[in-house]
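Trainee: The lines below spell out each chain.
2 protein chains.
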Amino acid sequence: MLRQVALEDTHAVAIGAGILGTGGGGNTYLGRIWLEQELRQRGVNCTVIAADDVADDAMVCAIGTMGAPTVGIEKLLRGSEFVTALRTLEDHIGSSFAALVVSEIGGSNGLRPLIAGLQLGLPVVDGDGMGRAFPELQMDTFAIGGVPLTPMALADSHGNAVVFHHLDSPLKAEQYARSLTVELGGSAALAMPVMSGEQLKRFVIRGTLSLAKRMGDVVLASRLRGADAADEVASLANGRVLFRGKVVDVERRTTRGFARGKLTIAPFGGADEVMDIVFQNENLVAWLGGEVVCTVPDLICILNLEDGEPIGTELLRYGLRVAVLGLPAPIELKTPEALAVVGPEAFGYPAIPFQPLPGNLL
Amino acid sequence: MLRQVALEDTHAVAIGAGILGTGGGGNTYLGRIWLEQELRQRGVNCTVIAADDVADDAMVCAIGTMGAPTVGIEKLLRGSEFVTALRTLEDHIGSSFAALVVSEIGGSNGLRPLIAGLQLGLPVVDGDGMGRAFPELQMDTFAIGGVPLTPMALADSHGNAVVFHHLDSPLKAEQYARSLTVELGGSAALAMPVMSGEQLKRFVIRGTLSLAKRMGDVVLASRLRGADAADEVASLANGRVLFRGKVVDVERRTTRGFARGKLTIAPFGGADEVMDIVFQNENLVAWLGGEVVCTVPDLICILNLEDGEPIGTELLRYGLRVAVLGLPAPIELKTPEALAVVGPEAFGYPAIPFQPLPGNLL
Chain A
68 MLRQVALEDT HAVAIGAGIL GTGGGGNTYL GRIWLEQELR QRGVNCTVIA ADDVADDAMV
128 CAIGTMGAPT VGIEKLLRGS EFVTALRTLE DHIGSSFAAL VVSEIGGSNG LRPLIAGLQL
188 GLPVVDGDGM GRAFPELQMD TFAIGGVPLT PMALADSHGN AVVFHHLDSP LKAEQYARSL
248 TVELGGSAAL AMPVMSGEQL KRFVIRGTLS LAKRMGDVVL ASRLRGADAA DEVASLANGR
308 VLFRGKVVDV ERRTTRGFAR GKLTIAPFGG ADEVMDIVFQ NENLVAWLGG EVVCTVPDLI
368 CILNLEDGEP IGTELLRYGL RVAVLGLPAP IELKTPEALA VVGPEAFGYP AIPFQPLPGN
428 LL
Chain B
68 MLRQVALEDT HAVAIGAGIL GTGGGGNTYL GRIWLEQELR QRGVNCTVIA ADDVADDAMV
128 CAIGTMGAPT VGIEKLLRGS EFVTALRTLE DHIGSSFAAL VVSEIGGSNG LRPLIAGLQL
188 GLPVVDGDGM GRAFPELQMD TFAIGGVPLT PMALADSHGN AVVFHHLDSP LKAEQYARSL
248 TVELGGSAAL AMPVMSGEQL KRFVIRGTLS LAKRMGDVVL ASRLRGADAA DEVASLANGR
308 VLFRGKVVDV ERRTTRGFAR GKLTIAPFGG ADEVMDIVFQ NENLVAWLGG EVVCTVPDLI
368 CILNLEDGEP IGTELLRYGL RVAVLGLPAP IELKTPEALA VVGPEAFGYP AIPFQPLPGN
428 LL
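From first to last, the protein sequence lines stand for chains A and B.
According to our numbering, the first sequence is numbered sequentially starting from 68.
According to our numbering, the second sequence is numbered sequentially starting from 68.
Quick caveat, the hints were computed from the structure, so don't treat them as lab data.
The structure displayed is predicted, hence computed values, not measured ones.
Virtual Cβ for every residue (Gly too), placed ideally from N, Cα, C.
There may be inaccurate statements among the hints.
[To be verified] To be clear about the criterion: a stretch of chain A counts as covered by chain B if any three or more of its residues have a C-beta under 8 Å from a C-beta of chain B, and this derived list gives those stretches:
1. 214-226
2. 233-242
[Stated by the list, open to error] Quick list of simulated restraints, FRET-style, between CB atoms:
3. B:D120 <-> A:D123: 49 to 55 Å
4. A:G252 <-> B:P423: 34 to 40 Å
5. B:P423 <-> A:S236: 48 to 54 Å
6. B:D120 <-> A:G415: 56 to 62 Å
7. A:G415 <-> B:F335: 55 to 61 Å
8. B:A418 <-> A:E103: 53 to 59 Å
9. A:D316 <-> B:Y385: 52 to 58 Å
10. A:Y96 <-> B:Q422: 54 to 60 Å
11. A:E265 <-> B:A73: 50 to 56 Å
12. B:G252 <-> A:A333: 46 to 52 Å
13. A:D123 <-> B:N112: 49 to 55 Å
With the hints as constraints, model all of the structure from the sequences given.
Mentor: Have a look at this one:
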């Protein structure tokens, strides 16, 4: 497994996180150049540890940003937001964190804990709460397992910091934090949940940072050979390529803190079945010729056929030539409790049953 | 001056606070019956102290509710909100409050610190930060004097509690807390600002709880005599009656956390000049026959001619027979720094200069 992230690893980790982002989690190009700048300035590598290396009674906290990816590529962070959020939370609870946790491995949120870890001199746990990206706070294995989402802290680039001391449900945590994020300009650093090492080990999806690195390595190696990485990347995560084609339509609007929309991909050559995909920050459901072929929590990942780079929902546009991958969700997301929170019905598709792709992500 | 508030005082204090509320600050009938219930249940009176009785290094905090009065009369508080907000703030800053402060004497917010004082066993300072009610957080003498609004705490009836740890301007405090209040259902307990006794004494408007009591006493005495209390109440606060008439039109909408609107009052008898008043929770500007006769920060107070009871903007309706009082603002609200925050321009009337009524409230 990954023991550190150095300058030479950032591109691969960013690509893998982008793929696992299934369209969301924030633009990984921006996350990567920020991470590289921190690595260069500080002259040390990011330390990565296994969840099982964390003592049961140590306190850890996840960190990332909240907001729509369409906002994140225009409103850059100042750089101090993670430290502000984490320090505010430490002050509030009166204890210090021993390690940082990736809240969602997908997209730039897979890289940001590495940045915060460098800024605070803390190791980052190899694993996360989603094995992908999801648009809402309550959609991780920590919340599903019953870890309280509060106290949590939001911070913006002006040093504004807010602690949600107690909220009586994960859905309210999502609702109130989202609303405040919109007020703060549409993106903000979010530190939560605070956990003990024991809770971390019970609920974390292990090894997802390592998986991101392996996926990125495959893409970069294929690119050197001039080969299409899609099949190899898919098989690395026990999935398959669902479709190859050209984006012919994108509807996208940024509303109430989310990038929402739909895209249509037409096949190359003579075939006439198109693929439709709907998204809320992340890709949610894929239809081929009108038939559902993949749904949340399974991962629907879009790769640029030119270079294997993942394409976030904020960058989808007419004419892109893409491969659509379907990867099976981690097993932790397929329990009845998890599916109630991250299955198709939770996203407004009650008529679509979850028909899992075979296998598991890891 | 007032040294305590007992059961026999509540009606007078509620009437006076209602008058000083200039239409806002929350319905005083509801505030009064809640205060009376707490007094009965606890069997002790509210202790009132002078600002000068607070030690320089003691910590005090103001408490009230945030929200539109139109919401406040429909969505009642559970009763535990003030304690939740104040305790959360004490936990966050790591020290205890020695006394509570009235953030705005106007409306039910003039009574709520008395309730919280009973619940927590704390005295309440005779004075406030407005000498009236204003719709927004930054509009008090503490904020105008430079006391930071953060940390501040919001709490709702479900035990949800949020600490605004640091916000870089009073306007952002207003914006973010208002937005969260709307999410919390349109009204919430708000504890802020945290001050030292030294800051309190520098910025508080002294004696406004006593003034409210005296105004209420005049109304109740007039009612017993069957007399119109308007002139006597006005002169008690160095003001005058601007108009008497019948409400003939009310436009009112609850939008983005405020009750906003306009009312028209027609004179009795043959005269044809009507009075128009616009409000944002509180009455802002009064025109008589198209001429401005009173503006913020001076107080525009509407009394029911039947019984002298003040009428909040949430209860204005066609047919009410009313007296409109104009009371001069406290001198603290008429400095250039204060007028920049609470003058007509701050409420969106840049073309209307503030032409103060003669004298001062106290």
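Trainee: Take the hints in turn and mark each one as holding or not.
Mentor: So, going through the hints one by one against the coordinates:
Counting residues of the region 214-226 of chain A whose CB falls under 8 Å from any CB of chain B gives 3; the rule of at least 3 is met. Counting residues of the region 233-242 of chain A whose C-beta lies closer than 8 Å to any C-beta of chain B gives 5; at least three are required, and the coverage claim holds. Taken as a hint, the range 49 to 55 Å holds for the pair D120 of chain B and D123 of chain A, whose Cβ atoms sit roughly 51 Å apart. In this structure the hint that G252 of chain A and P423 of chain B lie 34 to 40 Å apart at CB holds, the actual value being about 39 Å.
Checked against the given bound of 48 to 54 Å, the beta carbons of P423 of chain B and S236 of chain A, roughly 50 Å apart, stay inside it. Distance hint check for D120 of chain B and G415 of chain A: the Cβ-Cβ separation is about 59 Å, which falls inside the suggested range of 56 to 62 Å. Checking the proposed 55 to 61 Å range against G415 of chain A and F335 of chain B shows it holds: the Cβ atoms sit about 58 Å from each other. A beta carbon spacing of about 54 Å between A418 of chain B and E103 of chain A agrees with the range 53 to 59 Å that was offered as a hint.
Checking the proposed 52 to 58 Å range against D316 of chain A and Y385 of chain B shows it holds: the Cβ atoms sit about 54 Å from each other. Take Y96 of chain A and Q422 of chain B: their Cβ atoms lie about 58 Å apart, and the range 54 to 60 Å holds. The hint said 50 to 56 Å for the Cβ distance between E265 of chain A and A73 of chain B, and at roughly 54 Å that hint holds. In this structure the supplied range 46 to 52 Å holds for G252 of chain B paired with A333 of chain A, their Cβ-Cβ distance being about 47 Å.
Between D123 of chain A and N112 of chain B, the C-beta spacing of about 52 Å keeps the proposed range 49 to 55 Å intact.
The earlier numbered hints are all upheld by this structure, with none contradicted.
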